[in-house]
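Q: Letter by letter, the chains look like this.
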Amino acid sequence: EVQLQQSGAELVKPGASVKLSCKTSGYTFSNYYMSWLKQMPGQNIEWIGNIYGGNGGTGYNQKFKGKATLTVDKSSSTAYMDLSSLTSEDSAVYFCARPGLGTGWFAYWGQGTLVTVSS
Amino acid sequence: DIQMTQSPSLLSASVGDRVTINCKASQNINKYLNWYQQKLGEAPKLLIYNTNNLQTGIPSRFSGSGSGTDYTLTISSLQPEDFGTYFCFQHNSWPLTFGSGTKLEIK
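Protein sequences appear in the order of chains E and R. Residue numbers for the first sequence follow the working numbering, beginning at 76 and rising by one. Residue numbers for the second sequence follow the working numbering, beginning at 299 and rising by one.
The reader is advised that the hints may include incorrect statements.
As the list claims (entries may be wrong) - Derived lysine-lysine pairs resembling DSSO-like cross-links, with alpha carbons at most 30 angstroms apart:
no., chain 1, residue 1, chain 2, residue 2
1, E, K138, R, K329
2, E, K138, R, K337
3, R, K343, E, K98
4, E, K142, R, K337
5, R, K405, E, K138
6, E, K142, E, K98
7, E, K94, E, K140
8, E, K140, R, K322
9, R, K337, E, K94
10, E, K138, E, K149
11, E, K94, E, K142
12, E, K140, R, K329
13, R, K343, E, K142
14, E, K88, E, K98
15, R, K337, R, K322
16, E, K138, R, K401
17, E, K98, E, K138
18, R, K322, R, K343
19, R, K343, E, K138
20, E, K140, R, K343
21, E, K98, E, K140
22, E, K98, R, K322
23, R, K343, E, K149
24, R, K343, R, K329
25, E, K94, R, K343
Unchecked claim - Covered stretches of chain E (chain R as the covering partner; in silico rule of three or more C-beta atoms under 8 angstroms from a C-beta of chain R):
no., stretch
26, 83 to 95
27, 170 to 184
Treat the hints as calculated values from the structure; they're not laboratory data. Every value quoted in this text rests on a predicted model; they were computed, and no experiment measured them. Quick reminder that beta carbons are idealized off the backbone N, C-alpha and C, glycines included.
Chain R on its own, in the form it takes in the complex (with noise of 0.2 angstroms):
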């Protein structure tokens, strides 16, 4: 199985910040990865699909990079809206596999 390893776990920042999440793969899964955000109580959002595609309606402030094992996203301006928990997820091979995700707050 691929593993996803998320950096860092938690992330506290103010408004306005630049904020990265990086997600490595246990090996090359050749851009088929996806960023979701989930707020507490509620299903997972998909932001980025393929790397570096925006979901329709997903804000242009959410971009994301990437290849081989190494993945990326970036929220340039950080809005208050912004907080909760994005995970990564691999879609290159099965069984299909999500990172540990990463608790973002808002300072």
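This is chain E alone, in the form it adopts within the complex (with noise of 0.2 angstroms):
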């Protein structure tokens, strides 16, 4: 069973950084991409980025560059991303996502984490 398995909340203060986890579990990590997004409150989702796990390579959203680095660690199939620089306008839901086999993007989805960014 392919499972996506978020670190937990955060609360970090305005101009701090945060680096996100993804452990995953029940698939070949390096054959798949691992996409991440953002919902903010009662808002809209926003695609940030994506990497692939295989050799890291990354696209990125362009609102986004120089906002999130994303990064992957093989050896334990993890994907992580790390926010910067981080205003109230960052306090979101922060989702890692897979594609399915065939299905396209998005199919398989973490819990997500919560950051909120507080003085």
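Both chains are given apart, each in its own frame, so use the hints to dock them into the complex.
A: Rendered as structure tokens:
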């Protein structure tokens, strides 16, 4: 069974950085992309970017370049997202999501990580 | 960026009703359109991929149609568990974008 387990909620101060994790199981990590998405409270979902588990190759939504940095650790089948220079606009739930086999984007999702930026 | 406009934004319907949710793209997305259902506090769930393909495990009362810029999600006979917010999503071109959502309430 494919599982994506995300790290716990974060309370961070403005200007700080935070690193979120998405630990996977149930499939060969290096064979799939992992995507990260942002959802502010009561708001639309935004795609942040993708990273390939095999070689770490990335693609970003231009809006999040400089804000988010995606990395992977193949040895632990874990994807990471660093968010830098946090402001209140970064307060949101962040999801990791993986394509399905033949179904394309976002067939499997993590449970989400709530990031709250507050002094 | 491709803008995805959903309508209606709020929908109230009764069990057994036929429900349709519309999604209009700002340009042709070549049927690269998915539908997701999200319940409060949960991650979205994939219902339909590439316009009209039912994801495994999703009830057959859900169906999708459309082409070009106009797409529709239909629930043939609404069930109590179908409440939630529905999002369309285009993966024809980057950046990948979602509609703003349709909140479906059960009367």
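Q: Indicate, hint by hint, whether the structure satisfies it.
A: Now the hints, each set against the structure:
As the CA atoms of K138 (chain E) and K329 (chain R) are separated by approximately 25 angstroms, the hinted pair is consistent with the 30 angstroms bound. Simply put, K138 (chain E) and K337 (chain R) have alpha-carbon atoms about 27 angstroms apart, close enough for the 30 angstroms limit, and the pair holds. For the proposed pair K343 (chain R) and K98 (chain E), the alpha carbon gap of about 19 angstroms is at most 30 angstroms, so the pair holds. Proximity of K142 (chain E) to K337 (chain R) is assessed by CA-CA distance (about 28 angstroms); at most 30 angstroms being required, the pair is judged to hold.
Between K405 (chain R) and K138 (chain E), the direct Cα distance comes to roughly 39 angstroms. Violation of the 30 angstroms bound is thereby established for this hinted pair. Proposed proximity of K142 (chain E) and K98 (chain E) is supported: the alpha carbons are some 21 angstroms apart, at most 30 angstroms. Restraint check: the Cα-Cα separation between K94 (chain E) and K140 (chain E) comes to about 16 angstroms, which is no more than 30 angstroms; the hinted pair holds. Restraint check for K140 (chain E) and K322 (chain R): satisfied, since their Cα atoms lie roughly 27 angstroms apart, inside the 30 angstroms limit.
Taking the CA atoms of K337 (chain R) and K94 (chain E), the gap is about 26 angstroms. The hint holds against a cut of 30 angstroms. For the given pair, K138 (chain E) sits about 27 angstroms from K149 (chain E) by alpha-carbon distance, which is consistent with the 30 angstroms threshold. Distance check on the hinted pair: K94 (chain E) and K142 (chain E) sit about 12 angstroms apart at the alpha-carbon level, within 30 angstroms; holds. Between K140 (chain E) and K329 (chain R) the CA atoms are separated by roughly 28 angstroms; this keeps the pair inside 30 angstroms, and the hint holds.
With a C-alpha separation of about 27 angstroms, the suggested pair K343 (chain R) and K142 (chain E) falls inside the 30 angstroms cut-off, and the hint holds. Taking the CA atoms of K88 (chain E) and K98 (chain E), the gap is about 25 angstroms. The hint holds against a cut of 30 angstroms. For the given pair, K337 (chain R) sits about 23 angstroms from K322 (chain R) by alpha-carbon distance, which is consistent with the 30 angstroms threshold. Restraint check: the Cα-Cα separation between K138 (chain E) and K401 (chain R) comes to about 26 angstroms, which is no more than 30 angstroms; the hinted pair holds.
Taken as a hint, the K98 (chain E) and K138 (chain E) pair is honoured in the structure, with Cα atoms around 25 angstroms apart against an allowance of 30 angstroms. For the hint pairing K322 (chain R) with K343 (chain R), the CA-to-CA distance comes to about 21 angstroms; that is within 30 angstroms, so the pair holds. Our distance criterion of 30 angstroms between C-alpha atoms is met by K343 (chain R) and K138 (chain E), whose separation comes to about 25 angstroms. About 27 angstroms separates the Cα atoms of K140 (chain E) and K343 (chain R), which keeps this hinted pair within 30 angstroms; it holds.
Of the pairs offered as hints, the one joining K98 (chain E) and K140 (chain E) holds, with about 23 angstroms between alpha carbons and a cut-off of 30 angstroms not exceeded. A C-alpha spacing of about 35 angstroms is found between K98 (chain E) and K322 (chain R), which places the hinted pair above 30 angstroms, so the restraint is violated. Of the supplied pair hints, the one linking K343 (chain R) and K149 (chain E) holds, its CA atoms being roughly 26 angstroms apart against a limit of 30 angstroms. Of the pairs offered as hints, the one joining K343 (chain R) and K329 (chain R) holds, with about 19 angstroms between alpha carbons and a cut-off of 30 angstroms not exceeded.
At most 30 angstroms may separate the alpha-carbon atoms for a hinted pair to count; K94 (chain E) and K343 (chain R) meet this at roughly 25 angstroms. Using a Cβ-Cβ cut-off of 8 angstroms, 0 residues of the stretch 83 to 95 of chain E lie near chain R, which falls short of the minimum of three, so the contact claim is violated. With a threshold of 8 angstroms between beta carbons, the proposed coverage of the stretch 170 to 184 of chain E by chain R holds, since 9 of its residues qualify and at least three are required.
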